[in-house]
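Sequences listed follow chains A and B, in order.
So for the first sequence, my numbering puts the first residue at 1; every next one is plus one.
So for the second sequence, my numbering puts the first residue at 1; every next one is plus one.
It should be emphasised that the hints constitute simulated quantities derived from the structure, not laboratory data.
Small disclaimer: the values here were computed from a predicted structure and weren't measured.
Glycine included, every Cβ here is placed at the ideal spot set by N, Cα and C.
Treat each hint with caution, since some may be false.
Cut-off 30 angstroms, straight-line C-alpha distance, at most; resulting in silico cross-link-like pairs (DSSO-like, lysine-lysine) [to be verified]: (1) A/Lys437 to A/Lys379; (2) A/Lys130 to B/Lys147; (3) B/Lys147 to A/Lys132; (4) A/Lys291 to A/Lys230; (5) B/Lys5 to B/Lys81; (6) B/Lys81 to A/Lys130; (7) A/Lys130 to B/Lys86; (8) B/Lys5 to A/Lys132; (9) B/Lys81 to A/Lys132; (10) B/Lys5 to A/Lys110; (11) A/Lys342 to A/Lys250; (12) A/Lys357 to A/Lys291; (13) A/Lys429 to A/Lys191; (14) B/Lys145 to A/Lys132; (15) B/Lys145 to A/Lys130.
If we take Cβ atoms under 10 angstroms as the criterion, some of the chain B residues that face chain A in the derived model are [said to hold, decoys possible]: (16) Phe35; (17) Phe39; (18) Lys41; (19) Tyr42; (20) Phe148; (21) Gln165; (22) Leu169; (23) Ala170.
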Amino acid sequence: MSIRKKLVLMQVFTTVLVLIIMMIVFIASDIKEYKLRKVDSMLGIAQVLGTNSISMLQFQDQAAAIEMLAQLHNVSPEIIAAEITNNHGQVFARYPAAGEPEFSLAAGMKENSLFRNSRLLIKYPIISSKEKIGDIHLIVQLTELQKLMKSTYKVALFLLLLSVGFAFLVAFFIQSYVSRRLLNLVRTMKKAVSTGEYTVTIADEGKDEIGTLIQVYSKLMEQIKENEKKKDEFIGIASHELKTPLTTVKGYIEMLKLMETEHPKIDFVESAFKSVLKLEDLIKDLLDVSKIESGQLQLAMENFDISRLVDATISSVQMISATHNIVRKGQMENEIIYGDIKKIEQVLTNLLSNAIKYSPGEQKVIVEVEKDEKELTIKVRDFGIGIPVEEHSFIFERFYRTKGSSVHISGFGLGLYICRDIIRRHNGKIWIKSMEKGTTFIFSLPISKKTQIV
Amino acid sequence: MLTKKILSLVFLFCTAAPILHAQDGEKESNLKAAFIYSFTKYIDWGNYNNNDAFVIGVLGDNTPIISPLREIAERNTINYKRIEIKIIQGLPEEKDCNIVFISKECRFPLSDVLAYAGRGVLTISEENGYASMGTDFNFVIINDKLKFEANLNALASSGLKAGSQLLKLAIIVSGS
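Could you build all of it, start to finish, from the sequences and the hints given here?
Written out as structure tokens, the structure reads:
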């Protein structure tokens, strides 16, 4: 359940609980008061009746007493039965003659009122000259109370439902004050993580814990940005510093290559030269990345024939690859592209060498060029170990190398990052498709000459 | 209190045996005595109440009402005065009484008795028809129940006022 729903439910639940408690209290006290008032008024009636029946008791006029009690019922219909008893509890007069079951309780009553089975039983002494000569009992039917309670419950239920609806409404508006800021933060964080951009800041003036959360998050983001910056600076400085002595070493080894002809010295020199070249490539990649990050990478744009470039690149890579066979599929199309020829060559070389690297043994690599109205597509297919689907979104990241491969892969993992940057700069797209065996790398370049290059 | 005792005996008798036989004369007299005592609560003697004692005079020497009346007199008061029961030998003694009870055993003729009963004297009889002849109250048996007649003219001539609570239970009779 989202935090919004939780907040709303919390508020509504509290409201309902409080309302129910209050209603119970009020209704209970209402009923209690009603009962007290009823008892009071009935006792008053009993007292008056008692006084009026003194002479009837003294002169034993049962008929007169019964008539008086009958009158009572006509005047106050809620009094469904009444009786007068003497001091021994024997009935002197009773109306109606059949009596009611509750009368049997009357003798045992300690108080002068008793509530039982939605009826009220009243007992009052008949006193003449400070002497008790008998009792009068009344049985009152509490229909009024029942009616009152029914209507009260109806009103209470209606109010409860109304309040619940109202509470939902109010809660819905109030909860946004808390949840809005939280949801905003969550959204920003998700975006930062997915795009890798840590620059989005959040405006928040709150002084509560959510405000603190947002502040801490912003500080963390700043720290990350700082780190990134430092990393980039380091790469830039390191690759630059590395390049200088490397150039010296390369130069001297080249001279040695020319000077030495004897084995094994020449072998030693060849080996050293190969390693120096490799070192040069690695440092060049680092330098490129640094330039990309600092926005210094410049493209030298011109019109060139992509088909010829593909063929040339295939040849040069094939030359240094004894184990693999690079094949070009499809038609040989002449197509003019506007772009940086050296950078596109770099992309092709990288893809081809990756294809070779990741399909050890004697394997084929297929290159295909396709064209439609809007763009030109180049595919490089290998039949090697392949790349798991989970890693598809990560392989174009910096320093990313595939995991779990039994083959030792050399390199920093920068090649694809640089390729992506180059292709993007050309307003193209680069992506990957996993096959049952191996992988296909695909990139597209727009054909229109009028395209602006970043 | 004794009245309570008597009254409760009476009620017991009434609920258990609603039929009042003539042989139960003793019980009837007890009841009449109790009634007479109760009458006094509803009658205003006004200025005719100057003696230290409240005197109930009885006409008829061995009438059974004397005994219960005496019992009541021992334990109770009327208007905060002690009660005196007097057996009247000669009619002139009537003027000293607050109440004169004319029993069945009375030797004197009614007209003589009434002649001596001046103002402030309540006359009570127990013979059918006496109320219409001029007594204030008269006990009668109707449907085996003890009831009493009241003569409003007689009461007026006696100068006594009777409360409505009492009169509404009485059988109102007219006559001299």
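How the hints compare with the structure:
With a C-alpha separation of about 15 angstroms, the suggested pair A/Lys437 and A/Lys379 falls inside the 30 angstroms cut-off, and the hint holds. For the given pair, A/Lys130 sits about 26 angstroms from B/Lys147 by alpha-carbon distance, which is consistent with the 30 angstroms threshold. For the given pair, B/Lys147 sits about 23 angstroms from A/Lys132 by alpha-carbon distance, which is consistent with the 30 angstroms threshold. In summary, the hint linking A/Lys291 to A/Lys230 is supported, as the alpha carbons are separated by about 14 angstroms, within the 30 angstroms threshold.
Distance restraint check for B/Lys5 and B/Lys81: the Cα-Cα separation of roughly 21 angstroms lies within the 30 angstroms cut-off, and the hinted pair is therefore satisfied. Using a Cα cut-off of 30 angstroms, the hinted pair B/Lys81 and A/Lys130 holds, with the two alpha carbons roughly 17 angstroms apart. Between A/Lys130 and B/Lys86, the direct Cα distance comes to roughly 28 angstroms. Compliance with the 30 angstroms bound is thereby established for this hinted pair. The straight-line distance between the Cα atoms of B/Lys5 and A/Lys132 is roughly 12 angstroms, inside the 30 angstroms bound, and the hint therefore holds.
Only pairs whose Cα atoms come within 30 angstroms are accepted, and B/Lys81 paired with A/Lys132 is accepted, the gap being roughly 21 angstroms. With a C-alpha separation of about 24 angstroms, the suggested pairing of B/Lys5 with A/Lys110 holds against the 30 angstroms cut-off. Restraint check: the Cα-Cα separation between A/Lys342 and A/Lys250 comes to about 22 angstroms, which is no more than 30 angstroms; the hinted pair holds. At roughly 26 angstroms between alpha-carbon atoms, A/Lys357 and A/Lys291 fall within 30 angstroms of each other, so this suggested pair holds.
In summary, the hint linking A/Lys429 to A/Lys191 is supported, as the alpha carbons are separated by about 22 angstroms, within the 30 angstroms threshold. Distance hint between B/Lys145 and A/Lys132 is fulfilled; the C-alpha atoms sit about 24 angstroms from each other, no more than 30 angstroms. Taking the CA atoms of B/Lys145 and A/Lys130, the gap is about 28 angstroms. The hint holds against a cut of 30 angstroms. Taking 10 angstroms as the C-beta contact cut-off toward chain A, the hint placing B/Phe35 at the interface holds, the least distance being around 6 angstroms.
For B/Phe39, the interface hint holds, since its Cβ comes within 10 angstroms of a Cβ in chain A; the closest pair sits about 9 angstroms apart. Hint on B/Lys41 holds. Least Cβ distance to chain A is approximately 7 angstroms, under the 10 angstroms limit. A distance limit of 10 angstroms between C-beta atoms decides the matter here; for B/Tyr42 the minimum to chain A is near 7 angstroms, and the interface restraint holds. Annotation: interface hint on B/Phe148 holds; nearest CB of chain A at approximately 7 angstroms, less than 10 angstroms.
Taken as an interface hint, B/Gln165 checks out: its beta carbon lies about 4 angstroms from the nearest beta carbon of chain A, inside 10 angstroms. The restraint placing B/Leu169 at the interface with chain A holds, with a minimum CB-CB distance near 5 angstroms, inside the 10 angstroms limit. Hint status for B/Ala170 relative to chain A: holds, with the closest Cβ pair at about 9 angstroms, below 10 angstroms.
Hint violations for this structure: none, all hints satisfied.
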